[in-house]
Amino acid sequence: MTKRYDVVVIGGGPAGMAAALSAFEKGAKVLIVERDVRLGGILNQCIHNGFGLHYIGEELTGPEYADRFVKLVESKHIDVMLESMVLRLTADRKVEILCPQGYVTVEAGAVVLAMGCRERTAGAIAVPGTRPAGVYTAGMAQKLCNMKGYLVGKKVVILGSGDIGLIMARRMTLEGAEVELVLELMPYSSGLKRNIVQCLNDYDIPIKYAHTITRLVGSPRLTGLYYAPVDENRNPILEQEQYVECDTLLLSVGLIPENDLLNGLDVEMSPITSGAVVDQNRMTSLEGVFSCGNVLHVHDLVDNVSREAEIAGASAADYAMGALKSGDTISVKAVDGVRYALPQRIAKGNEGKVDVYFRVGDVYKGKRIVVEVDGKEVYSRKTLILAPGEMEKITLTRADITGDVTVRLV
Amino acid sequence: MNMICIMCPMGCPLTVEENNGVITVQGHTCPRGKKYGEQEFTAPVRVLTTLVKRADGGMASAKTSGPIPKDKVREAAECVGKIVVSADVKIGDIIEENFYADGVNLVITGVAQ
Amino acid sequence: MKIYDCIVIGGGVVGTAVLDRLARYDIATLLLEKDDDVSVGATRANSGIVHAGYDCKPGTLKAKFNVRGNQLMWPLVEELDVPHLKCGSLVVADESGRDGIDELYNKGVANGVDVEVFDGVKTHEFEPNLSDSIKWSLYAKEAGIVSPYQLCIALADRACLNGAEIRLEEEVVALAQDGALWTVTTNGGEYKAKTVVNCAGAFGADVNDMAGAEHYDTTFRKGEYYVLDNTERQNIQTVIFPLPTSAGKGILVAPTADGNVIYGPTSSLCDEGDVAVTLDGLADIRKNVAKTYRNPVVRKCIRTYAGVRTIIGDDFVIGKSKVVPNFVMAIGICSPGLSSAPAIAEYVEGLVCEGKTQKENCVTTMPRVNRLSEVDGDTLNALIKEDEAWGRIVCRCEKVSEAEIVRAIHSPLPAKTVDAVKRRVRAGMGRCQGGFCATRVMEILSRELDLPITEIRKGRSGSNIALYSVKEVPND
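Chains as they are written, first to last, in numbering that gives the first Met the number 0: chain A, 0 to 409; chain B, 0 to 112; chain C, 0 to 475.
Excised from the complex, chain A in its bound form (with noise of 0.2 Å):
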C-alpha cells in the first residue's frame, strides 16, 4: 500500500526541517526524506560559528544550530527517512524513494523542494592545465577534514572568494597547513567581509583580486600553478604569468541550486538563480510543489533559509489540508542593477506584508533602492553600500501591490 502524507520535504538540512517543522505546527502528517545517514545536511560539516545570529539571537556553529533543529524535529510526530534518496517526482506529487529498505513511492498532498546547492567544480570552470590530484571543491575538503578527519594537501591555494574557501582557508591553517594565496577572478570578494579579515588577514593570507588560473602543472598530484591578472573582460594578462608551488587547490567558485530532481517537469525555472519561480508562499508553478533554501536560491546566511523554510512549509501544508488556493498573481522584476528578487511573483491580496530578497549584480555605493508598482514609487531606501555576496530584503505592504512590481537601483 502506498503512504500518504500532507507534506513530503525532500532534503533534510536546515531548509528540510524548517519547513517540516512550520508544516507539523500547522498539524500537517510530515515526512522528511534525508539521503544522508543523518539530519542537518551540510550545516553538520560547518563547524565555524556565525550561525544563527538573527534567527536564534545566539552565535552558534553549524553542528550547533543543525542540533537545535534536528532535537525539535525528534520531539515532534514527524517521519525522517535517512539514507534515501528520492529518485523522481511526479506532477501528481508522487515522490519515489530509493532507501537500504527498498524502492518506495509515498503520495504527498504538497512537496517542499529543500535538497540545497552543490558546488561549481573546476570541471564547470575549464580550469587549464592538467588534471591531477589535489584539485577539490572546498566543500569537499571540509567534509573531509570537518567530518572523516582527513587533510588533503599542506600547501594550498584557493580559487575564488566564496564564504566556504575562506572559511577552508582559516581552517587548514590552523590544522597545519599553508595556504599561500587566495585568487578571485571579480575586483571584490564574493565572500563576507568578515571572513576576508577573520580568515585570511588573521592569518597573513594575501587574496588577490581580478586574478585566475592560466594553468594546473602537476601529475599525478598537483605540485603548483600559475596565475595571472585578469583584464576589464576577464581574460587573463599571460604577459604577467607568475607561478606559486602547491600541493591543493580548492574551489570556491560558486554554489548551484540543485534542482535535478525536477528536469522532466514542467517546472518555470529562472536562469538567474537556478532555482524555480515561486510566489510569496514560496509554490513554484507546479501546484502544490513548494521550494526553499539554497535550491531555491543560494542564500548567505542560514537564519534567512530557515526563516524562507518557515513560509515554504506552512504554505504546504495549507495547500495540503485545502486552505490554500492558487489564484491570479502580480508579477516582479528586478531591473537596474538588481540581479534577481524573490518571490519573482505575488498572489494578489490585501492584507499584511510580504517580504522580498533581491540581489545587486556589482558593488554599488551610495544607491537607493527603489521599488515601484505599475510605475509608482512605493518603496524607496538610501545605502551606504550593497554587494553580490549580501543579500537584501525589503519589506512591502501588500495593499500597495496593486499592478505588477519591479525593484531597480536608482
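Simulated from the structure, these hints should not be mistaken for lab results. Virtual Cβ for every residue (Gly too), placed ideally from N, Cα, C. It cannot be assumed that every hint is accurate.
Listed below are the simulated EDC-like cross-link pairs for lysine to aspartate or glutamate, each with C-alpha atoms no more than 16 Å apart in a straight line [stated by the list, open to error]: (1) Lys25(A) - Glu309(A); (2) Lys52(B) - Glu471(C); (3) Lys355(C) - Asp4(C); (4) Lys153(A) - Glu471(C); (5) Lys147(A) - Glu471(C); (6) Lys85(C) - Glu141(C); (7) Lys470(C) - Glu177(A).
Coverage of chain B stretches by chain A, computed from C-beta distances (three or more under 8 Å per stretch; other residues unrestricted) [said to hold, decoys possible]: (8) 13-26; (9) 48-59; (10) 68-77.
Dock chains B and C against chain A, hints included.
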C-alpha cells in the same frame, strides 16, 4: 595600525592610533566602525572553532564558549590538537574550563559520524 | 619460471582486444601495463567514436582495419555489455563544401562503406541544431559511439575470466631475446615469453627499440575536449564532423555513450604524455564548434580533457617484425584506432595463434550487469532484498548505488582507485564531478581493500587524494 572594519559590507579601511593614552580611529563611516576599531586596537579577540580527536579515532568539533585573545588562537588550536576526548562525547560537553580566557570553556559542538 | 606463450605490452584498447582474443586459446598469456588500470592512455581520452571508414585513404591499413573493425565492433559491444549507440555520423559542409563531400563519398564507396549524400533540407531534418550555413552532408549509418574505456575494461575482464593474466603498474624497461625466448624486464620483475606483442601506444616506438625491432620516429598530437552536462544530450542525435582537413577530422560535436555531449578535439603538436588542457585549445574549440553547430553551450561544461594521438608516418604499423622473430607490432594507432581495435586484434590473433587450438567453454557473452540507472522498480526491490547496498545511492548525479561500486572493486580486473571506479560505474562522472560522492567512494574503497583513507588514490601511484590525518600533519 591599519585594519578593515567588518561591521558591514562597506569594509571601511580604518587607521587606529594611540597618543598619550587617547585612541583615535580614522576612516570609519559610522559609530559601529569606531567602536570596532577601538576594540581591535586595544584587545582583539576571536572565537576558536576546531576539531578534537575522539578515542575511537573519529572526530568531534569544538569551540571556545567565548572569545579568547586573538594572539592566543594559534597556540590554543595547537593545544586542542593534543587533546583526545572520549568516544561518547555529546554537544555541549565541556572539555576544558577557563581555556585561554577566564570563564571561557572549550566545548563540544558536534560529533561526526 | 613460467613461460608465457605470449606477452602483450600495453593495456589500451588494442592491447586488451588482442589479449581477449588470445585468451580463448590453450596458451599462457600475460598483459603488462605500466599504469594503475587499463585504458588510461589514449583509450581514455578520445572521441569514443566508431568511425564508418569512409575517410581513410583507400588501400591503407587504416582503411582496411577501420572498415573491418566497425563490422566487428557492434556485435562485440553487445557481447561485452558495453554502453554504445549506433547513431550514425554526418560530415557537414556549407555551400562551398559540396566537392569535399563528394570526394568523401567516393572514398567511402572505394572502401566499401555505406554512405549517402544529404542535401540541406534532409541534413537539417536529420539534425535540427546545425548551423544555418550547412547545406550538404555525408551520412554514414554504420558509425556510432561506444564508451572507449568501458570497452577496454570489458575486454580485460573477459580475458581474465578466460585465464589471461594482467599485471598493472609494471612498466617494461628491457626486452631481450635468447634463442626462441623473450625476457621481458619490468620495474616489478622478469617474465619469459615465446612471443611479444607491442601494443604500447605512445611508447610503441620505444618498445620496438628495446626489442631491437624496426625503428620509428613518433610525433604526438594533442586533442582537447569539452564535456557537457547530460541535459544537453537531447539536442543532438548523431556524430557531427566538419569537412576533414589535412590536420585531421576537425572539431566535432558528438554524443557520448555515457549520455553526455563532447566538443573537440583540437589537433596540436605536443610532447608525449602532455594531456594538459590549454586556454588556446579551448578557445579553438569554441570558435570551430560554432561553425557547424547552432547553439554551443560551453556554460554547460562539466569537464575538459585532453588526449594524445601517437603518430608514426601516415598509417598504422601492424604486423610481424621483419628484424626480430616472434615480435608483433600494433603501434602508431592513432585515429581511427578505437574503431580498428577489434580488427587489429583479429589480425594479431591470426599471427600469434596460427595452428593453436581454442579452449572449450570460453566466456563469450559477458553476464549482463544491473545498473541502478537502468532497472525498473520491481527489479530494484528484488536486488535490494538480496543486498541492501542496492538501496544506498552513492553518486547522485549518475545514480550509482553502493552495490555497483563494490562490484567494480571486486570485478575480474579489480578497480583499486577512485578513477578506476569512476570509469567502470560512472560514480563521479556527472555534474558535481565527485564533489559529493568521492568521499563515499574513498570510504568504500578503504573498507573493501582494507586500506587507510590516506592510501586511497585518484589514479596512478602518487595521486593520493587526502595526504594526512588531522592532528597528524608533519611539521616541516
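Evaluation of the provided hints:
no.: 1; hint: Lys25(A) - Glu309(A); verdict: holds, 11 Å
no.: 2; hint: Lys52(B) - Glu471(C); verdict: holds, 11 Å
no.: 3; hint: Lys355(C) - Asp4(C); verdict: holds, 11 Å
no.: 4; hint: Lys153(A) - Glu471(C); verdict: holds, 12 Å
no.: 5; hint: Lys147(A) - Glu471(C); verdict: holds, 13 Å
no.: 6; hint: Lys85(C) - Glu141(C); verdict: holds, 7 Å
no.: 7; hint: Lys470(C) - Glu177(A); verdict: holds, 15 Å
no.: 8; hint: 13-26; verdict: violated (count 0)
no.: 9; hint: 48-59; verdict: holds (count 7)
no.: 10; hint: 68-77; verdict: holds (count 4)
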